[in-house]
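Sequence order for the protein chains is H and S. Take 1 as the starting number for the first sequence in my numbering and just add one per residue. Take 378 as the starting number for the second sequence in my numbering and just add one per residue.
Don't read these hints as lab results, they were simulated from the structure. Do not rely on the hints blindly, as some may be mistaken.
Residues of chain S clear of chain H, computed beta-carbon distances all greater than 12 Å [claimed, not checked]: (1) E391; (2) R393; (3) R403; (4) K426; (5) G468; (6) A544; (7) A554; (8) T654; (9) A690; (10) F695.
The calculated lysine-lysine pairs, modelled on BS3-like cross-linking and capped at a C-alpha distance of 30 Å, are [stated by the list, open to error]: (11) S:K670 <-> S:K426; (12) S:K670 <-> H:K49; (13) H:K293 <-> S:K670; (14) H:K293 <-> H:K49; (15) S:K426 <-> H:K49.
Here are a few chain H residues that face chain S, going by a calculated C-beta distance under 7 Å [claimed, not checked]: (16) A304; (17) F327; (18) E331; (19) M332; (20) R366.
Idealized CB from N, CA, C, for every residue including glycine.
2 protein chains.
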Amino acid sequence: MGDRELREFGFELEAREGETSGRAGRWVTPHGVVETPAFMPVGTRASVKGVQPEELRRLGAQMVLANTYHLALRPGAEVIADLGGLHSFMGWDGPILTDSGGFQVFSLADCRDIDDERVVFRSHIDGSLLELTPERTVEIQEQLGADCIMCLDECPPHDAPAEALRAAVDRTTKWAARCRDAQRRGDQALFGILQGGTDASLRERSAEGLLPLDFPGYAIGGLSVGESPELMYRTLDFTVPMLPEDRPRYLMGVGRPIDIIEAVSRGVDLFDCVMPTRHARNATAFTSGGVVKIRNARYQRDDAPLDSGCDCAACGRFSRAYLRHLFVCGEMLGPILLSVHNLAYYQRLMRDLRAAVKSNGLREFRLGHLAGSGDGP
Amino acid sequence: MGDRELREFGFELEAREGETSGRAGRWVTPHGVVETPAFMPVGTRASVKGVQPEELRRLGAQMVLANTYHLALRPGAEVIADLGGLHSFMGWDGPILTDSGGFQVFSLADCRDIDDERVVFRSHIDGSLLELTPERTVEIQEQLGADCIMCLDECPPHDAPAEALRAAVDRTTKWAARCRDAQRRGDQALFGILQGGTDASLRERSAEGLLPLDFPGYAIGGLSVGESPELMYRTLDFTVPMLPEDRPRYLMGVGRPIDIIEAVSRGVDLFDCVMPTRHARNATAFTSGGVVKIRNARYQRDDAPLDSGCDCAACGRFSRAYLRHLFVCGEMLGPILLSVHNLAYYQRLMRDLRAAVKSNGLREFRLGHLAGSGDGP
C-alpha cells in the first residue's frame with residue numbers, strides 16, 4: 001500500500017534553508033494541498049472550540065486535527081461513518097488528521113492494563129472499561145475518514161525509567177507493523193510515530209524499527225510531555241535527521257510559537273497544539289508585541305486593537321477595552337474573538353516561517369520574534 | 378426638540394393591511410434605515426451573545442438593543458463615551474436602541490426605595506447602593522449614544538393592585554416630562570413608555586399623559602411580565618390605537634414568534650426579546666416545522682439540517698446530528714450555531730411579516746404559522 005499512498009500523498013520540497021534545517025513544502029492530500037510548515041488547529045471533538053470552519057478557512061488554516069479517543073466515545077465512530085465521515089460531519093472540506101487515541105488513553109483516561117496485545121482503559125466520561133488494539137485504532141480512524149491517520153503508540157511520561165522508555169519503543173514498533181497490516185483504505189496516509197523520550201539511542205532504535213515499514217510520513221511523539229524546551233530542542237537536533245527527507249515530519253502537540261520556530265529550524269513540517277484556543281479561553285492573546293492578558297485593568301480604556309499588525313475579525317473591529325469588557329462580564333464573544341485572533345496569529349506565524357525558509361531568513365526571524373514577543377524562554 | 382427629532386427620525390408608512398392593523402414602514406435613524414416591523418436582537422452587555430456583528434448584519438438584523446442598567450454598571454457609561462460611544466465600542470455601525478435601565482432596577486436589581494424623585498437600588502453585581510433619576514438615565518443614555526433611547530418608567534408586576542398600577546402610570550408620566558426636559562443631544566430619538574398593565578382606563582390615562590409630550594415614538598411597557606398571551610393581545614387591541622399613527626410603536630420584551638405575529642397584526646412596529654439567543658443556549662431551535670430540542674436522542678444520526686428552508690450558517694453546513702453532538706459534549710460552537718440560526722429565523726419572520734402586510738396576507742400568514750410551527754397557543 002506504500003506506493004499508492006506516496007502517489008496520493010505527494011510531498012514536494014519547495015525550499016531548504018541554507019543556515020538551518022528548515023524546509024518548505026507542499027503536501028498533497030485527498031482534500032487539498034497543505035503548505036508546510038503548517039499548524040493544525042485542534043478540533044478535539046470535531047469542533048475547533050468557538051470557531052466556525054468558514055472562519056478557520058479565512059484565517060488560512062489548511063488542515064485541522066481531531067481526536068480519535070474523544071470521537072470514538074462520543075458520538076462514536078460508527079455514527080460519524082453513517083453520517084458520511086468526519087469531513088461532512090464537522091463541515092470542514094479541507095484535510096484532516098486524526099491521532100490514534102493512544103495518547104489520551106495514557107493521559108486523560110484511566111489506563112488499567114497494557115501488554116503487547118492491547119491497552120485496557122476506563123472511559124473518562126462514564127468509567128466504562130474499554131480496550132484499544134492497533135487494529136481497532138486503524139478501523140476507527142478508517143470509519144472517521146481523515147486524510148492522515150496515526151499508528152497506535154505508547155507514550156510514557158518524560159521521567160519514566162530507561163527500561164520503560166525502551167519497552168515503549170519496542171511495543172510502538174510492533175504496533176506500527178500491525179497498524180500497517182490492518183489498513184484497508186488506500187486514501188489515508190498512515191504515519192508511524194517515533195518514541196524514545198530524550199534519549200538518542202532510543203530514538204535511533206525507534207527509527208530503525210519504523211523506517212523499514214515505509215510509512216508515508218513520520219510523527220515525533222513523546223515530546224512536549226513535561227521536559228524542558230531546551231531538552232526538546234536537543235532531542236529534535238538528533239531525531240529529525242533520522243527521518244527520511246522526502247516525507248512529512250510531524251511534531252505532535254507542540255506548541256508555543258518559539259517552540260514551533262525552533263522545530264521548523266530543525267526540519268519539522270507539521271504541528272498541532274491546543275494552546276491558541278485554550279489560551280484564548282483563558283483571556284490570553286498572542287500578539288506581535290508579546291502576550292496580552294486581556295483581563296488586566298490597564299486595558300479598561302485602551303482603544304487600540306489587540307495587535308495592530310493583525311487583520312483578524314477581532315483586531316479589525318474591536319478595541320482591547322471591548323475585549324476586556326467581554327471577559328470581565330463572562331460574555332461568550334470574548335473567547336470566540338480571542339480564539340479567532342490567536343489562530344490568526346499562529347497561521348501568520350506559519351506563513352512568515354515559510355517565507356523565511358524561502359528567503360534564507362529563519363535565524364533572523366527567530367531573533368526578531370524573541371526580541372518582539374517575549375513569549376519564549 | 379420634538380420637531381428636530383421628527384426630521385432626523387422620519388417614519389414613513391409604506392403599507393397598511395386591509396384586514397388587520399398591520400403596517401410596514403421605514404424609519405430613518407442617524408445610523409441607517411430600519412424597515413418595520415423589525416426585531417432587535419438583544420445585546421445586553423454590548424454583545425449579542427455568541428454572535429459577531431458581521432454575522433448579525435448577514436442575518437438581516439438592522440437594529441440591536443443594549444441594556445443601560447448593565448452597561449452603566451460595567452464598564453460604565455463614561456468608559457463607553459471615552460471610547461467613542463456604543464456603536465464604536467461594540468463594533469456595530471447600524472442603529473442601536475437602549476432601554477432606560479428602569480426595568481432591570483425593578484426586576485434584576487434589588488429595588489430598595491422609590492418615590493417621585495428617584496429610585497434607589499442595589500447593584501446585582503456588587504451590592505452597592507445606587508440611585509437612578511429620570512435626568513440621570515437620559516445622561517447615561519446620551520453618554521452611550523444609541524440612536525433611540527427610552528424614558529425612565531416604573532414597571533410594576535402584572536398582578537400589582539390597581540392603585541399601584543395607577544401610581545406607576547402617573548409617576549411614569551412625570552418622569553417622562555423630566556426625561557424630555559433633560560435631553561441635550563439632538564441626534565437621539567427619546568421614546569415615551571406607556572404603562573397601565575392590562576387595564577384599558579389606565580392605558581388611556583397613560584396615553585393622555587404622554588401624548589402631549591410629543592415623543593418621536595412610543596413604547597408599550599408593562600406587558601410580557603407574566604400575564605397570559607391572550608390578555609396581552611387584548612391589551613394591545615385597545616392600547617395600540619391610542620398611539621399616533623405617524624410614529625413608531627415598540628412593544629418591549631416581546632416575544633415568541635406567535636406573539637410578534639399577533640402584535641404586528643395589531644399595529645406594532647418594533648420588537649426585542651432575548652428568546653432567540655437564550656433558547657439557543659438551551660439547545661432549543663425555532664424551525665419552520667416547529668420547535669426542535671436538539672439534545673433529543675432522536676437526532677443522533679439525523680443528517681438533515683435543522684431547517685431545510687433556512688439559509689443560515691448552521692443550516693447551510695451542519696446536520697442535526699452534529700449540532701446535537703456539540704451540545705452533548707458542551708462545545709461552544711453549539712450555542713453559537715443555534716443562536717445564529719434562531720436569529721436568522723426571527724429576521725426571516727420579520728421579512729415575511731413585512732411582505733404579508735404589503736400583500737394583505739397577514740391573517741393567512743398567521744394561520745400558516747400556527748399550522749406549521751406549533752410554537753404558540
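Open item on the list: Tell me the numbers of any earlier hints that the structure contravenes, in ascending order.
Closed with: 4, 5, 8, 9, 10, 13, 16, 17, 20
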